[in-house]
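Enquirer: Following the hints, put chain B in place on chain A, whose structure we already have.
Protein chains: 2
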Amino acid sequence: MRQPEVSISDIARIAGVSHTTVSRALRESPLISTETRERIQRLAGELGYTPNAIARSLQTKQTSTVGLVVTSIADPFFSDIVKGVEAVARASDFSVLLSASYNDPEQTLDIIETFHRRRVDGILVASSRISDNYGRRLHHTHIPTVLINSQVEGQANLLHWISVDDRRGAQMAVEHLLQLGHRAIGYLGSHSRPASNSQRHQGYLDALRAAGVEPLPSWVVTPPGDEASQEEDISAGQQALAPFLAAGVTAVFCYNDMIAIGMLASCHAKGVRVPQDLSVIGFDDITIASCVTPPLTTIHQPRVELGRLATQVMLDLLQDRPGADHTLCPTLVQRASTAPLST
Amino acid sequence: MRQPEVSISDIARIAGVSHTTVSRALRESPLISTETRERIQRLAGELGYTPNAIARSLQTKQTSTVGLVVTSIADPFFSDIVKGVEAVARASDFSVLLSASYNDPEQTLDIIETFHRRRVDGILVASSRISDNYGRRLHHTHIPTVLINSQVEGQANLLHWISVDDRRGAQMAVEHLLQLGHRAIGYLGSHSRPASNSQRHQGYLDALRAAGVEPLPSWVVTPPGDEASQEEDISAGQQALAPFLAAGVTAVFCYNDMIAIGMLASCHAKGVRVPQDLSVIGFDDITIASCVTPPLTTIHQPRVELGRLATQVMLDLLQDRPGADHTLCPTLVQRASTAPLST
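Going down the list, the sequences are from chains A and B. The first sequence begins at 1 in the working numbering and counts up by one. The second sequence begins at 1 in the working numbering and counts up by one.
Just chain A, same shape as in the assembly (with noise of 0.2 Å):
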C-alpha cells in the first residue's frame, strides 16, 4: 500500500509552527530565523517531504506572480474580483501585484509595462476601457493575459476572457420592472464605460422590444463624465432625477448600484418616494446596496468567482494547459426599490 504523502500541514503540526513559517522556511525566506529554517528543513527531511512538482517546477521556471490592473480601487465592483483572484493565486503560492488604471487606456499600458519589467508570469485585465488596438499590444508583452469582462481581438492561445453576460443582465432587470406593470422604463448609462454600457443599453431595448414596448429617447439618458469613479456616479445618479421625471418613467434600470444610490438620495432630498412613486434597479449588487434606504433591487454580479476564474485559466496557460473562456450568468436581487406600478 502506497504511504500517504507528507505535506506542509503535517510538518507544521509536528513542528508546532504555522503552515506559513513551514512554507517559508522551505523557500529559504530571510524572513525566518536561520535556527527555525533548519529545524523544518530537518524535520522535512526526516518525514520524507516532496514538494508539489507542479509548484515546484513553476516556481524555478517563473516568478510566481501575476499582475492584476482593475479600473480603479474605490469602485467596489473591483474589490470582489481582486478577492477571488488573490484566493486562487494564494493556494497556488502565487502573487498579485495590483495597480489601478484610473479608467485611463495611456496608464493601464504604463501598468503593463512595469509588470513586464517586474516580470510577472501573467497578467490579469479588469480594466473598463479596452481597445483592439490595445489587444495587439498586449499580444507583444508574449505573456498569457486574461480579460475580466472586456473583451478584445487576439490570439486566442495567451488571450482569454472571462465575463458576466452583460446584456441578459440587463434584459433581467427590465423583465422585472415590466412584470410590475411598468411600461415607461428609463435607462441610466455610463459614458465612461462603453462597450458594457452598450451591452446593458442593447438588453435594456430587447426586453422592452419583446414586450412590444417602444422606448421614446427621452427615457435613455448618459450623463457625461470619462473617469469611472463613485463621485461620478453619484453624481451621475442625483443629476438624472429631474429628467427622468421630466420624460414621465415610473422606473429606472441604472447602469450600476452606485449611480443608482446616487438617484435615491436625490429622490430623498426632492420628496421622490421610492418605490412609491419611482422604482429604481441597479447593476453590481455591491456590499452597501442592501444597506441604503430602501435597500436596493439589482442584478447580482458573481465577482469573486470572475476574479477565481480568470485566475484558474492564467494558471492553466502558464502549465501549458490550454485556457477556456467564460460567460457567467448574473441573476436578479429583489430588494425594497422596486414595486408594483401604482395606478
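Any given hint could turn out to be false.
For chains that are exact copies, the list does not tell them apart, and a pair is met inside one copy or across any two.
As a list, the in silico SDA-like pairs of lysine to any residue whose alpha-carbon atoms are at most 25 Å apart [unchecked claim]:
1) 83 / 225
2) 270 / 197
3) 270 / 168
4) 83 / 181
5) 83 / 113
6) 83 / 224
7) 83 / 213
I should point out that these hints are in silico values taken from the structure, not numbers from a laboratory.
Expert: Coordinates of chain B only, in the frame set by chain A:
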C-alpha cells in the same frame, strides 16, 4: 541669459504626440514602435533635451517602484490613500505595486517578502494590524518603510509614519454631540482594528469626562470580528442597535462610517428615526456617507493627503534626505444624522 531647459512636454508638443509616448520612447519602452522611438530620440537630441538628473539617477540605481500594503481593497477608506500615493509616485515616474493583507499579519509579511523579492525601492504600509515584532521584521528588509495610520517601534532613519490624530477626531465627534445637548452617548468600537479603536475610545472618554459625564459600561459596545471587512462593519452596526437602545443612549459615535451605515439601516428597519430618536455620527467621511438616508455626520480624514505625504516622505528617504513623521488633524463634517436632544 540661460536658455530655459527643454522638457518632455516641449518635445511632445513639437512631435505632436503625448507626454507618455515621449517618456516611453526615451526609456526604450517595447510598447513604442521602433520608428516612433527613433524619431522622438532624434528630436530630443536636436532640441538639447537633458533628462532630470535626480530622476535619472534614481532610475539607474533603483527599480522606481514602491510597494503598498493595505488592509483591504474593499474598504473605501483605503482607496483615497491609494489615489494619493499613486499621484505623487506617478509625478516622480514611480510605479506602485499594491497588495491587500485582509487584516492578517501573516499575509502582510508574505506581501512584504514578495515586494522584497521584486526589489521595490520602498514600502508603504496602510494596514490596521501591526505588532512591534512586525516592525522589527520590517527593519530586516533594509528597505525604507513609511507607515500610514500605524505606529511601531523601529529605527528612525528607515521607518517613518504619517497618521491622522484618531484621539482628537473622536473628541471632536463627542464634543459635537455634547454641544447638541446629548449626555448619554454610546461608542460603537471595532475589535478588528485594536490600535486605532483604542485611540478613538480614549478620545470618546476624554470628551465625556471633560464635560463631567462618566460613561456607563453599557454605553460602550465592541462587537467581535477580525476581518475588518465592509460586511463585518455593516453587520456590527446593525446588531449593535438593540443594546444601545437598551442602555438608553440618545446618540452613538461609531468607529467608522461603514459601521454607522449599518446602524442607520437597522434604525430604518426598526422604525427608529434618525436623528429625531437617535443621533448617529461616523468617522472617515467615505464617499457614500453623503448619500445615505439621512446623510451622515462624520469626522473627515484627509485620506488623499495621507497617501501623498507618505509617498513624499518615501521619495525623500530614497534621495537620502531626512524623512519626517506627520500627524494630520481631522475635521467635523455636519450633515443630517445628528440633531439637538429632543426633550
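Enquirer: Could you figure out if residue 83 and residue 225 sit no more than 25 Å apart (CA to CA) within one copy, between two copies, both or neither?
Expert: between (28 Å within a copy, 18 Å between copies)
Enquirer: Classify it for me, residue 270 with residue 197: is the Cα-Cα distance of at most 25 Å met within a copy, between copies, both or neither?
Expert: Answer is neither: 27 Å inside a copy and 37 Å across each miss the 25 Å cutoff.
Enquirer: When no copy is named, should residue 270 and residue 168 be tagged within, between, both, or neither for a Cα gap of at most 25 Å?
Expert: neither (33 Å within a copy, 36 Å between copies)
Enquirer: Quick one: residue 83 to residue 224, C-alpha cut-off 25 Å, is that within a copy, between copies, both, or neither?
Expert: For residue 83 and residue 224, only the inter-copy Cα distance (22 Å) is at most 25 Å; the intra-copy one is 31 Å.
Enquirer: At 25 Å max between alpha carbons, let me know whether residue 83 reaches residue 213 within a copy, between copies, both or neither.
Expert: Close neither inside one copy (40 Å) nor across copies (44 Å); limit 25 Å.
Enquirer: Cα distance capped at 25 Å. Does residue 83 pair with residue 113 within a copy, between copies, both, or neither?
Expert: both (24 Å within a copy, 20 Å between copies)
Enquirer: Between the shortest in-copy and the shortest cross-copy C-alpha distance, which are at most 25 Å for residue 83 and residue 181: within, between, both, or neither?
Expert: neither (38 Å within a copy, 44 Å between copies)
Violated hints, in rising order: 2, 3, 4 and 7; the structure is consistent with all others.
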